[in-house]
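A.B. asks: Here is how the chains run, residue by residue.
2 protein chains.
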Amino acid sequence: MKHLQHFFDPKAVAIIGASATYGKPGYMIVENLIKWGYKGKIYPINPSNGEILGLKVYENLKSIPEDVELVASLAPAKDTVKLIRDASEKGVRGIVIVSGGFSEAGGAGWSIEKEVVDTAYKNGIRIIGPNAIGPINTSNDFVLSFYPVESLKKGRVAFIAQSGQFVAPVMEFIFSFLNVGISKSFDLGNKCDIDDADVLQYLENDPDTKVVALHCEGIKEGRRFLKACKSISRKKPLIVFKTGNTPIGAKAAISHSGAISGDAFIAGAALKQAGAIRANGLDEFLDLIKTFDYLPFPKGKNVGIVTYSGGVGVIAADACEECGLSVAKYSDRTISKIKSVLPKKASISNPLDFFAVAPPKDIDSFYQTAILALGEDMNIDSIALCMMLPEKGVWTPDPYIILNAAKNISKPVVVWLVGYWESMRDIWKVLEDGGIPVYLSPARAVKAISAL
Amino acid sequence: MKHLQHFFDPKAVAIIGASATYGKPGYMIVENLIKWGYKGKIYPINPSNGEILGLKVYENLKSIPEDVELVASLAPAKDTVKLIRDASEKGVRGIVIVSGGFSEAGGAGWSIEKEVVDTAYKNGIRIIGPNAIGPINTSNDFVLSFYPVESLKKGRVAFIAQSGQFVAPVMEFIFSFLNVGISKSFDLGNKCDIDDADVLQYLENDPDTKVVALHCEGIKEGRRFLKACKSISRKKPLIVFKTGNTPIGAKAAISHSGAISGDAFIAGAALKQAGAIRANGLDEFLDLIKTFDYLPFPKGKNVGIVTYSGGVGVIAADACEECGLSVAKYSDRTISKIKSVLPKKASISNPLDFFAVAPPKDIDSFYQTAILALGEDMNIDSIALCMMLPEKGVWTPDPYIILNAAKNISKPVVVWLVGYWESMRDIWKVLEDGGIPVYLSPARAVKAISAL
Chain V
157 MKHLQHFFDP KAVAIIGASA TYGKPGYMIV ENLIKWGYKG KIYPINPSNG
207 EILGLKVYEN LKSIPEDVEL VASLAPAKDT VKLIRDASEK GVRGIVIVSG
257 GFSEAGGAGW SIEKEVVDTA YKNGIRIIGP NAIGPINTSN DFVLSFYPVE
307 SLKKGRVAFI AQSGQFVAPV MEFIFSFLNV GISKSFDLGN KCDIDDADVL
357 QYLENDPDTK VVALHCEGIK EGRRFLKACK SISRKKPLIV FKTGNTPIGA
407 KAAISHSGAI SGDAFIAGAA LKQAGAIRAN GLDEFLDLIK TFDYLPFPKG
457 KNVGIVTYSG GVGVIAADAC EECGLSVAKY SDRTISKIKS VLPKKASISN
507 PLDFFAVAPP KDIDSFYQTA ILALGEDMNI DSIALCMMLP EKGVWTPDPY
557 IILNAAKNIS KPVVVWLVGY WESMRDIWKV LEDGGIPVYL SPARAVKAIS
607 AL
Chain F
157 MKHLQHFFDP KAVAIIGASA TYGKPGYMIV ENLIKWGYKG KIYPINPSNG
207 EILGLKVYEN LKSIPEDVEL VASLAPAKDT VKLIRDASEK GVRGIVIVSG
257 GFSEAGGAGW SIEKEVVDTA YKNGIRIIGP NAIGPINTSN DFVLSFYPVE
307 SLKKGRVAFI AQSGQFVAPV MEFIFSFLNV GISKSFDLGN KCDIDDADVL
357 QYLENDPDTK VVALHCEGIK EGRRFLKACK SISRKKPLIV FKTGNTPIGA
407 KAAISHSGAI SGDAFIAGAA LKQAGAIRAN GLDEFLDLIK TFDYLPFPKG
457 KNVGIVTYSG GVGVIAADAC EECGLSVAKY SDRTISKIKS VLPKKASISN
507 PLDFFAVAPP KDIDSFYQTA ILALGEDMNI DSIALCMMLP EKGVWTPDPY
557 IILNAAKNIS KPVVVWLVGY WESMRDIWKV LEDGGIPVYL SPARAVKAIS
607 AL
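So the protein sequences, as listed, match chains V and F. Per my numbering, the first sequence starts with residue 157, numbered consecutively. Per my numbering, the second sequence starts with residue 157, numbered consecutively.
A hint or two may mislead.
The list treats identical chains as one, so a pair stands whether inside a single copy or across any two.
Straight-line alpha carbon distances no greater than 25 angstroms define the calculated SDA-like cross-link-like pairs of lysine to any residue that follow [as the list claims (entries may be wrong)]:
#: 1; residue 1: 212; residue 2: 453
#: 2; residue 1: 455; residue 2: 193
#: 3; residue 1: 383; residue 2: 491
#: 4; residue 1: 234; residue 2: 500
#: 5; residue 1: 517; residue 2: 175
#: 6; residue 1: 309; residue 2: 582
#: 7; residue 1: 548; residue 2: 192
#: 8; residue 1: 548; residue 2: 577
#: 9; residue 1: 407; residue 2: 488
These aren't lab readings, by the way, just hints derived from the structure by calculation. All values reported here derive from a predicted model rather than from experimental measurement.
One chain only, chain V, in its complex shape (with noise of 0.2 angstroms):
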């Protein structure tokens, strides 16, 4: 799958359709090529020639002086055989197709897509898309993207979808709030060449990646993108978000990308043959994300549930056994350790809920002592956290001394935060950052585990 190498780090790239209006998508993506400080060549194409942010702009890609590996192309659906024609003449080697107007428009659209194919085929030359938006890659600060891109993460997740709009603000998302870090991300629009099976070939073999997200509304090829994920998911967790699976959304996807979405039912129990992790909805897709990129697989199904509620303690004592996972007995050893750090009427169990009445006696010292405890007990695999954070400082612990505690031990720890949402959003950072995933609700935390 060496040709996708030309989508992520390529020597030269043209974009045809930039412009020198600001806000305009011909202008985002040259400003974004810039701003990242992409090392190669960039060639602004459109036949008002002038200048885009200093660069000089030409007429068509033949008056370019040297070798251009990658073309990004704004330029009607109509106009994409004869751009494809001049691209290999050029020795143009791949093409994102960002505009619309083929498949996903019908009609007419349908024929411009299969010319399209047919003579970048006979040429030699790779497409991304149409309707598509480029790739980003952090490894290189390569960012072809049209959306307005801020901020990078760099990561090990690799992000893949079938909508631009989708990917990018997600991804904006994911930079700003999700504090997991990504190693590729881009979205193959209505994959008329290249597809999610070459993509999964290529990731599987990507240094830089560790875990595989995709979303997509439909698969072409299904035995062939079987085979794919069977292969990669021996190696990395690939999840998968698959829309379009009722009648009303398949036929949404259809004039979206153009995507057959197929039967529902069916591609979800041949994705999970293929060892694909399927996900129910966006939150879950995220939440998956971060669960894999974040933690070691547990050795068994015994969660250590340790909260300030009881009722929080019900809840999550809920979710793992609708999650398949058991509520284990601490051993003695671990109950005596945790009894030494509070009043003595604290009746402990699983789930622990320590703060009966009174608090314990030093909220930091409790939370490190269960969390060495019940790394230390043989019967328990994982350990979900909840915390409670009031806008006062009382009763909140100190985040490192968790992530130290948690350090010391090899089973994966999730939390769960609530209260109030500042004092939340900086105990959360500091937990992610060391690398602890937090979840919005104890059920999330616990399904988390249950995924690995």
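Please build the complex by placing chain F on the supplied structure of chain V, with the hints as guidance.
C.D. replies: Chain F in isolation, oriented as in the chain V frame:
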């Protein structure tokens, strides 16, 4: 249910086990009462005498020179029977038993709790708890909680939980994150006397309460409870988050609040029949509270979806179908109105993906036109808007224009936001302050409509 009034608007309250030590529950209760400007008399009680926050501390109830209507007790369980006898002599009408060590602790706790109930019954005193924190009433700023309450938002939602350590931080989350206003909030703990049915009867006629949100682990008198549900849900939406649904969760519930959860399936069916709206999980519970607080009822099931992303349109369409809603056709009149603010080539269907390649000429006039057109379209009963919010202002709509347009129509409008977190928070606040609820995923936004 006049007795509940003693818990929400007492003329004088005594705190048994008040403390002068910052951070102790017995200190925090007194602090909350003073800080929030409780208009009645506050009597801290502790054998050590002295002063707490400038208030004289009394040795016991008897030594208070005036009448006491309500008592909050942090006394050990074993001293509670005597306390009730003393309270009766003093003319006290209600006790909030904050302490644990009763039925939730098992063993001797069960018999102590029984004796407490018998004694109170004989002496005409009603009990909230044990193992509860006190009520908050926003209409008179009466805050009996030992949880440090820093913000209150007056509103129309009554929030009742079975767990104080659940209700308190969740309430703080609601105040700081969710933009939902509360009329009353409290927890019922072990429910040895006052239970859910009492509360529902009281809230049915509470003029400050429009929506009732109930978290419960167990129901003691099922028939009475369901009768109360039936009665109130004819007048006000009743949202129920029932936990302790699995065997292991139910076990945790017993040791948390002594609750017997009963069969989850039967409970679910019965609740539905009684007109309650059942929440699955905390996220959904909070979403539903907001939904019923904010939105008018739609006339029918037809949703108009407006999105910047085809991919999100597919997710929203899937969600409609899954929730029993319809993605209807826009009328010709609607289509021609919307066409006027989009590039010529844009194809208009529902979901309406307005951001194909080129953004609309003017994103504000697009949203305004679309909302007003859908507002007049007889084919559409409610509107789901999806907005992407980059860190950079480009393509971000003016939320005030959306608010103004929504004010001119009488259909429910829900919004899903995604993108850069800080931009989201800003616009989120503007929209919710103006009455449009915001959700964290397209599916949750659509589900909100379906719940109405």
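A.B. asks: Hint by hint, say whether it matches the structure.
C.D. replies: Hint check:
1. 212 with 453: neither (52 angstroms within a copy, 57 angstroms between copies)
2. 455 with 193: neither (44 angstroms within a copy, 54 angstroms between copies)
3. 383 with 491: neither (48 angstroms within a copy, 43 angstroms between copies)
4. 234 with 500: This pair counts as between: shortest inter-copy Cα distance 16 angstroms, intra-copy 79 angstroms.
5. 517 with 175: Between copies only: 15 angstroms across chains, 64 angstroms inside a chain, cut-off 25 angstroms.
6. 309 with 582: both (18 angstroms within a copy, 23 angstroms between copies)
7. 548 with 192: between (40 angstroms within a copy, 15 angstroms between copies)
8. 548 with 577: both (12 angstroms within a copy, 24 angstroms between copies)
9. 407 with 488: Between copies only: 20 angstroms across chains, 59 angstroms inside a chain, cut-off 25 angstroms.
Violation of the numbered hints given earlier is confined to hints 1, 2, 3; the remaining hints are satisfied by the structure.
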